[in-house]
Amino acid sequence: MSQFLTLAVNSISYGGLLFLLSAGFSLIFGLMRIPNLMHGSFFMLGAYFGVTFLARGMNFWLAALVSAVAMGAIGALIERFLLRRLAGQELAQVLLTLGLSFVVADLCLMVWTGDPWQPATPSGLTGAMVVSGLFFPIFRLVVVLVAVAIAIALWLLVDWTRLGAMIRAGVDDAPIARVVGIKVSQLFTLIFALGAGLAAFGGVMGAPILSVYPGLDGEMLPVALIVVILGGTGSLLGALVGSFVIGFLYNFGQAWFPDLAYVILFLPMVLVLVVRPQGLFGKVVP
Amino acid sequence: MTAAQAKLGALAVALLLLVTLPWWVGGTYYINIASQILLYAVFALALNVLVGYGGLVSLGHAGLFAIAGYAAALMLENGYGHLEANVSGLLVVIVASAVFAVLALRATGIGFLMITLALGQIVWGLAYRWAGLTHGDNGVNVSGRPMPFGISLSSATSFYFATLVVFLVSLGAMMLFVRSPFGASLRGTRDQPRRMNALGYNVWLIRFLAFLFSGFWSGVAGLLFIYYNAFISPQVSQLQSSAEALLMVISGGTATLLGPIVGAAIVVIMKNVVSAYVERWNMALGIIFVLIITFMPEGLVPGSVRLWKLAWSSWRRRAPATAPAEERAS
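Keeping their order, the protein sequence lines are chains A and B. With the first letter of the first sequence counted as 1, position 133 gets the number 133 in this note's numbering; the numbers rise by one all the way through. With the first letter of the second sequence counted as 1, position 110 gets the number 110 in this note's numbering; the numbers rise by one all the way through.
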């Protein structure tokens, strides 16, 4: 029973991390139709930034925030100066982001070497909470809380603000949104920066749990893909539900079928594709 | 001389050069590189069926390449003969292609790409994590090459010729495929899927069969690969390998037969040259991607032609402008 609960807590916290990663991916894909294959690189690079700041003695939350802002700025530059030129050419965008992800991976290997970096759990959040004889690691609970808070903030942003209305208009029909005077291009840059920043933030949050190592980008990208295929592109609720489903599958699969854990991850995606190709919460694109 | 005759002549010269390559290229090292180029050309041609003619960009083909290789390598390891291993490798890759196709063809465009990417990662996950079957990161060793008709393929030259034969057969198959009504209908589904549907073609089935054809030849390339390297490891099925194959197709120019071959040659040569001087092949690969996309989005072969024409015409325009000036001077 206690093993089950431990796994469940791990699953939920991993799901929270996945949400930070895939929310941006889903928005970028939903709004801009850009399959951003460097999203895993944003996660990894952000995590590397974070551990570097932490190694210099910076506060954990400040490190996560600074890393997210830096990554957001990098994301905005990439969108503005490289991807914008390729608007509408999906294949070219795929190849460009893929090429950049290789460059980022190699740069990270050069700068941070091949050894894994695992920062200590931030002070004050170490240890575990004991509830009726069961141990819950505090940091993982905090990760979940932060992810849920960000999910709520994103939901408020998208569903209840003017900016959110413009984003939704852009997702539904970009040309018409332009016609009625919404600056879709600026929204694109904003969303791309937001997605990159969220991924970096997730990377720093995940660093004490997952550690940072070369190849992390390649491991996170397919997971983000599955989450988005599962939940439906452009849907925040889909990304949230998909993240937790995958979080549970990953941790329980890892514990019960270690050989096949990675494959089990993909089963729900296969199922959804066969039964409901637009994803659980996706809209049918005409 | 007509264009067709010129084309035929060029083809004959190319064939002659390929057949006599071991004698003029100088050294086993270069013969091996030539074998690699031909092997990857088979793979790139296979991928080009989907990318170029079908308009379906797959990022999971390294998975198919690896599945055939792993199936054959594991059969060989368990004591089966080369014939059984190769036949079952090809059967397995056809079944795997069918599964890939059924799932990936739920979508087209970017959806197709993302699903194939995820499927390719599943293959990687199996190869890497299912250590009981695949020995994980240690890979599978393949001892000995087959001896078709009693000819030993252990030397670099004989293996080169075997690869050349397979390459020519695959090229012939691709030529037939491109010119056949089926090839035309595949191009039709790429350009006008709805019209093709209205004309009574089963668009899904055409794409499905093209996927099988592409998967089959990817598997053939995978078999060549394990015999060339005598080894297969999860690295082969990585996203990077799929991306490299895609780079071959795109750098050479999609939807041409020559493009993928040129692309394979460029990538293999660059990989060997770059790796000899720097260990940063991945960065080079990424930068090449970015440069090609930014400056020659149509591929290196058509792109160079375009840039050459541009340079030529601007030079021509400058030439008459300078000529009158000289006249006046005299």
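Derived from the structure by calculation, the hints contain no laboratory data. Note that beta-carbon positions come from the ideal geometry of N, C-alpha and C, so glycine has one too. Please note: incorrect hints may appear among the correct ones.
To give an idea of the interface, some chain B residues facing chain A are shown, with a C-beta separation under 7 Å as derived from the structure [unchecked claim]: (1) I110; (2) A118; (3) W130; (4) M147; (5) P148; (6) I151; (7) A243; (8) I269; (9) N282.
Computed, partial: chain A to chain B, Cβ under 8 Å [said to hold, decoys possible]: (10) P35; (11) V66; (12) A70; (13) L95; (14) L98; (15) D106; (16) D159; (17) W160; (18) P222; (19) I226; (20) I229; (21) A261.
Inset, instruction - Hold the hint about B:M147 up to the distance rule: shortest CB distance to chain A must be less than 7 Å. - result: Given a least distance of 36 Å, the restraint on B:M147 is violated.
Inset, instruction - Double-check A:I226 for me: the hint is only fine if its C-beta lies closer than 8 Å to a C-beta in chain B. - result: 6 Å, holds
Legend entry - Agreement of hint B:A118 with chain A interface, Cβ distance less than 7 Å: At about 5 Å, which falls below the 7 Å cut-off, the nearest Cβ of chain A leaves the hint on B:A118 intact, so it holds.
Inset, instruction - Please verify that hint: A:P222, Cβ, nearest Cβ of chain B, below 8 Å or not. - result: 4 Å, holds
Inset, instruction - Go through the hint on A:V66 and say holds or violated, using the shortest Cβ distance to chain B against 8 Å. - result: 26 Å, violated
Legend entry - When the least beta-carbon distance from A:P35 to chain B is tested against 8 Å, hint result: Constraint on A:P35 satisfied, holds at 5 Å.
Inset, instruction - Have a go at the B:N282 hint: is there a Cβ in chain A nearer than 7 Å to its own Cβ? - result: Since chain A brings a Cβ to about 4 Å from B:N282, closer than 7 Å, the hint holds.
Inset, instruction - For the hint on B:I269, just tell me whether its beta-carbon gets within less than 7 Å of chain A. - result: 19 Å, violated
Legend entry - Evaluation of the interface hint that places A:D106 against chain B, nearest CB under 8 Å: Hint holds; A:D106 Cβ to chain B Cβ min 4 Å, cut 8 Å.
Inset, instruction - For the hint on B:W130, just tell me whether its beta-carbon gets within less than 7 Å of chain A. - result: Holds, about 5 Å.
Inset, instruction - Return the status of the interface hint for A:W160: holds when the least beta-carbon distance to chain B is below 8 Å, violated otherwise. - result: Status violated, d = 30 Å.
Inset, instruction - Would you settle whether the hint for A:A70 is holds or violated, based on the nearest Cβ-Cβ distance to chain B being less than 8 Å? - result: 21 Å, violated
In summary, the numbered hints that this structure violates are 4, 5, 6, 8, 11, 12, 16, 17.
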